[in-house]
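**Q** Single-letter residue listing:
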Amino acid sequence: MVINIEGLDFAYGAGKQTVPVLKDINLTIESGKITAIIGQTGSGKSTLVQQLNALLKPTAGQVVVGEQVVTSQTKEKDLAPIRAKVGMVFQFPESQLFAPTVLEDVMYGPLNFGASQKEAKEAAEKALSAVGFDQKLYEQSPFNLSGGQMRRVALAGVLAMNPETMVFDEPAAGLDPAGQAELLQLLKDLRDSGKTIVLISHQMEQVLALADQVVVMKDGQVAAAEAVDTLFSRPKAWFEEQHLDLPETIAFQKEMEAAGFTFDHLAKTGADLAAQLKGQLDLSKLGGDHHE
Amino acid sequence: MTDAITIKNLTYSYPEQGGLFQDFSLSVKEGEWLAIVGHNGSGKSTLAKLILGLLDFEEGRIKVFDQVLSEQTLAAVRSTVGMVFQNPDNQFVGATVADDVAFGLENRQIPSLEMPAKIEKALKQVGMNAYADREPHTLSGGQKQRVAMASVLALEPKVIILDEATAMLDPEGKQAVLQNLKELKARYQDELTLIMITHDMEEAAMADRVAVIDDGKLIFDEKPETLFLKGERLRELGLTQPFAMALREQLGIQNPAYQTTQELVAWLSTLKA
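Protein chains in written order, with full-length UniProt numbering: chain R, 1 to 292; chain Y, 1 to 273.
It cannot be assumed that every hint is accurate.
Stated by the list, open to error - Residues from chain R that keep clear of chain Y, each with C-beta distances beyond 12 Å, as calculated:
hint, residue
1, Gln17
2, Val69
3, Thr71
4, Ala84
5, Thr101
6, Phe113
7, Lys118
8, Glu122
9, Gln135
10, His243
Stated by the list, open to error - Calculated pairs, DSS-like style, for lysine-lysine (alpha carbon to alpha carbon, straight line, at most 27 Å):
hint, chain 1, residue 1, chain 2, residue 2
11, Y, Lys230, Y, Lys182
12, Y, Lys63, Y, Lys29
13, R, Lys16, R, Lys85
14, R, Lys278, Y, Lys272
15, R, Lys121, R, Lys85
16, Y, Lys272, R, Lys285
17, Y, Lys124, Y, Lys63
18, Y, Lys49, Y, Lys182
19, R, Lys136, R, Lys126
20, R, Lys126, R, Lys33
21, Y, Lys272, R, Lys236
22, Y, Lys124, R, Lys285
23, Y, Lys230, R, Lys268
24, R, Lys268, R, Lys218
25, Y, Lys182, Y, Lys118
26, Y, Lys8, Y, Lys223
27, Y, Lys8, Y, Lys217
28, R, Lys278, Y, Lys230
29, Y, Lys272, R, Lys254
30, Y, Lys29, Y, Lys182
31, Y, Lys29, Y, Lys272
32, R, Lys118, R, Lys85
33, Y, Lys272, R, Lys268
34, Y, Lys63, Y, Lys49
Everything labelled a hint here was simulated from the structure, so no lab data went into it. Glycine included, each C-beta is placed from N, C-alpha and C at the ideal position.
With the hints as constraints, model all of the structure from the sequences given.
**A** And the structure:
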């Protein structure tokens, strides 16, 4: 399912008291890919993703989710199918867990969308297993779990509704390096199983490691929307203008280029960077005992 | 130099999950900046709660300057040690930023005439004085954490513990908080002891010394420069190595010295074939 944003403006408030947030946005969120949305705090990222499942409706222009068109005039009752197709995982989603057991918490969404007890239980179990959650803990209170486990339960809660597209706002925030790596792998697995993933992230390393496409927001407008390699091939000065950091690997590569080293492609990992650098170093300059 | 915090032969078990610290000892010198690192569940935050007397331990002794932590010294210990927590949204009670800082002072029964000056001084130290009348919920995450820090600073603690205080912030907010910490340390020097609990190695690099904790055990206790050379061991512990050090390992070049990214770029440039 493709999501198209066409000539979208959005302002909070009504009448004379409006605060424009998004201006003339034209974007395509491609099916089966991971699209990262990046930009400084206040650039409009969160407001933009809320258009994707009609939590917010455009002030002007339209959002086309699959077959369905959302404009400022679309009635609330027509939005339910869109909410079912596009699932939202907000920041620190574990703060919204509430049920007495893990299983009941995950079943809540499907039940709310009209599933029977049996269907909801099956959907919940499938979702919990997809996020790698230990079956032995299904009857536990979600509040007795570790932070990483709680986050998985919250993700499963959205996944259980089987949305075609899932939107994540800083999904790995606050987790330790091992927890972050597991979560990022989970997003890749979801994409590889056919889901469309939209990811808001401040962590450029994550964007580099995960994203197929990247949308850069600045002052409520799209500053760039392109493949991840194209984006990170832009000069360092461009990222400074957007107040964005570069991933460490890319920043290092650009520094080395400035020092006269050459690379035949953008290195996405330290290992790749090292492999491209190795042939350009003369280790005999170190003297005998420094190198292997 | 005196010890600000001395933990000796501490034994503590989680109420349900069981043993964590067993005969654990660690001390922090007055004026030192210590980072405590470890993966989630390693026990690092529990240690902070034990120091503040928020949890009871079974055996051992915790000393804060010359006070041995006990029910009788709890109030004195808490006025010596301030703590900033992880979640910027869970630390506010006041209707405005200034009220929030005032809350801690009221709890200490500071005369109300002395309060405005203390509040202003504390907010100035974190660069938030212009926001004194703002409602806390209108602030960004980084600003909230700086106000939380001001609330702690207003009480003039000798020790500040930051428990993953930047983990929930965006890069800009994080840099603002870290920059602020550097300034505070430069201003107070040996009068302020900082304990930073984190799993972020960029933060750990700011400290004088890093204690690495895993399952309640002290695995390393050394300067960041030497710790960062131990790439494989750090990865085994669920931690990362600063980028430049990891890259140097991948290049297969041995160099006993720690290098920052800039230093490594400059050094590699001299080796260009």
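**Q** All the hints need checking, so say for each whether the structure fits it.
**A** Consistency of the hints with the structure:
At roughly 17 Å from the closest C-beta of chain Y, the C-beta of R:Gln17 stays outside 12 Å, upholding its exclusion from the interface. Once the 12 Å rule is applied to beta carbons, R:Val69 is consistent with being away from chain Y; the minimum gap is 34 Å. Non-interface status of R:Thr71 relative to chain Y is upheld: no Cβ of that chain comes within 12 Å, the nearest being about 31 Å off. Every Cβ of chain Y is farther than 12 Å from the Cβ of R:Ala84; the closest lies at roughly 30 Å, confirming the non-interface assignment.
Every CB of chain Y lies more than 12 Å from the CB of R:Thr101, the least distance being 17 Å, so the non-interface label holds. Chain Y leaves R:Phe113 outside its interface by the beta-carbon criterion, the shortest separation being 29 Å against a cut-off of 12 Å. The beta carbon of R:Lys118 sits about 33 Å from the closest Cβ of chain Y, which is more than 12 Å, so the claim that it is off the interface holds. For R:Glu122, the non-interface assignment is confirmed: its Cβ lies about 31 Å from the closest Cβ of chain Y, beyond the 12 Å cut-off.
With a closest Cβ-Cβ approach of about 19 Å to chain Y, R:Gln135 is found to remain outside the 12 Å limit, as its non-interface label requires. Some Cβ of chain Y comes within 12 Å of the Cβ of R:His243; the nearest lies about 7 Å off, and the non-interface call is violated. Straight-line distance between C-alpha atoms of Y:Lys230 and Y:Lys182 comes to about 26 Å, which keeps the hinted pair within the 27 Å bound. Restraint check for Y:Lys63 and Y:Lys29: the C-alpha separation of about 12 Å stays at or below 27 Å, so the hint holds.
Under the criterion of a C-alpha separation no larger than 27 Å, the hint pairing R:Lys16 with R:Lys85 is inconsistent with the structure, at around 34 Å. Under the criterion of a C-alpha separation no larger than 27 Å, the hint pairing R:Lys278 with Y:Lys272 is consistent with the structure, at around 10 Å. Proposed proximity of R:Lys121 and R:Lys85 is supported: the alpha carbons are some 20 Å apart, at most 27 Å. Among the hinted pairs, Y:Lys272 with R:Lys285 is consistent with the structure: their alpha-carbon atoms are about 9 Å apart, no more than 27 Å.
Distance restraint check for Y:Lys124 and Y:Lys63: the Cα-Cα separation of roughly 31 Å exceeds the 27 Å cut-off, and the hinted pair is therefore not satisfied. At most 27 Å may separate the alpha-carbon atoms for a hinted pair to count; Y:Lys49 and Y:Lys182 meet this at roughly 24 Å. At most 27 Å may separate the alpha-carbon atoms for a hinted pair to count; R:Lys136 and R:Lys126 meet this at roughly 14 Å. At roughly 22 Å between alpha-carbon atoms, R:Lys126 and R:Lys33 fall within 27 Å of each other, so this suggested pair holds.
At roughly 22 Å between alpha-carbon atoms, Y:Lys272 and R:Lys236 fall within 27 Å of each other, so this suggested pair holds. With a C-alpha separation of about 52 Å, the suggested pair Y:Lys124 and R:Lys285 falls outside the 27 Å cut-off, and the hint is violated. Of the pairs offered as hints, the one joining Y:Lys230 and R:Lys268 holds, with about 23 Å between alpha carbons and a cut-off of 27 Å not exceeded. Simply put, R:Lys268 and R:Lys218 have alpha-carbon atoms about 25 Å apart, close enough for the 27 Å limit, and the pair holds.
This hinted pair checks out: Y:Lys182 and Y:Lys118 have alpha carbons roughly 21 Å apart, not beyond 27 Å. A hinted pair counts as satisfied when its Cα atoms are at most 27 Å apart, and Y:Lys8 with Y:Lys223 qualifies at roughly 21 Å. Using a Cα cut-off of 27 Å, the hinted pair Y:Lys8 and Y:Lys217 holds, with the two alpha carbons roughly 13 Å apart. At most 27 Å may separate the alpha-carbon atoms for a hinted pair to count; R:Lys278 and Y:Lys230 meet this at roughly 22 Å.
Distance check on the hinted pair: Y:Lys272 and R:Lys254 sit about 15 Å apart at the alpha-carbon level, within 27 Å; holds. Our distance criterion of 27 Å between C-alpha atoms is met by Y:Lys29 and Y:Lys182, whose separation comes to about 18 Å. With a C-alpha separation of about 44 Å, the suggested pairing of Y:Lys29 with Y:Lys272 is violated against the 27 Å cut-off. For the given pair, R:Lys118 sits about 21 Å from R:Lys85 by alpha-carbon distance, which is consistent with the 27 Å threshold.
For the hint linking Y:Lys272 to R:Lys268, the alpha-carbon distance of about 22 Å falls within 27 Å, and the restraint holds. Under the criterion of a C-alpha separation no larger than 27 Å, the hint pairing Y:Lys63 with Y:Lys49 is consistent with the structure, at around 14 Å.
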